[in-house]
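The whole structure should be built from the sequences, with the hints applied where relevant.
Top line first, the protein sequences correspond to chains G and F.
Taking my numbering, the leading residue of the first sequence gets 1, the next gets one more, and so forth.
Taking my numbering, the leading residue of the second sequence gets 1, the next gets one more, and so forth.
Since no wrong hints were added, every one of them can be taken at face value.
With a cut-off of at most 30 Å between alpha-carbon atoms, the simulated DSSO-like pairs for lysine-lysine come out as follows:
1. G:K65 x F:K100
2. G:K22 x F:K100
3. F:K13 x G:K97
4. G:K57 x F:K100
5. G:K73 x F:K100
6. F:K100 x G:K97
Because the hints were derived from the structure by calculation, they are not lab data.
Take a look at the letters that make up each chain.
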Amino acid sequence: AQRVTQPEKLLSVFKGAPVELKCNYSYSGSPELFWYVQYSRQRLQLLLRHISRESIKGFTADLNKGETSFHLKKPFAQEEDSAMYYCALTTYSSASKIIFGSGTRLSIRP
Amino acid sequence: ETGVTQSPTHLIKTRGQQVTLRCSSQSGHNTVSWYQQALGQGPQFIFQYYREEENGRGNFPPRFSGLQFPNYSSELNVNALELDDSALYLCASSSDGSAKNIQYFGAGTRLSVL
Chain G
1 AQRVTQPEKL LSVFKGAPVE LKCNYSYSGS PELFWYVQYS RQRLQLLLRH ISRESIKGFT
61 ADLNKGETSF HLKKPFAQEE DSAMYYCALT TYSSASKIIF GSGTRLSIRP
Chain F
1 ETGVTQSPTH LIKTRGQQVT LRCSSQSGHN TVSWYQQALG QGPQFIFQYY REEENGRGNF
61 PPRFSGLQFP NYSSELNVNA LELDDSALYL CASSSDGSAK NIQYFGAGTR LSVL
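Listed below in structure tokens is the structure:
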């Protein structure tokens, strides 16, 4: 069965410190992985997807198929990074069913 | 460009009733997905509609049903409401091609079942 696990419900770091939000997945095929973010009082929105291999707002995420992980990283946290982050997986079938993790709340302390 | 809009924003129903939630997809999008988000959880996939046909379904009972209209707007219907149906219901739209799996979310409808 397809599953996405985010082991941390809450991650609190100081401004300027490095951030790593963990995500592990379970899927036997070739998945497409995403990070979605929800800022306070805003709707859920895409942050980045692994096939784009981009850095968005200083965040990067590398798909590690051996460890089935897709951790989100940023070298220097900013206060505006405080938000709820969801890791998500989809398959390349026609259904485009997206499976979300339970989310990690990132809190950046000044 | 118009984003995804959902109505109503809040709804209170009693157990056993039926409810209809509505979603207008983003301009140019032909696919709509519905999700249920319980408190403290990530969104759970209910089903997806592509060009007016159901295109995949999650682990939800048949009392959760949907429709997509020719203008690609969509409805989610839930019959025989149960207390556990209380949640935020999210609609997301997407398009064909290379952006097929990028979903654009609405603000959600918060349903409370008493």
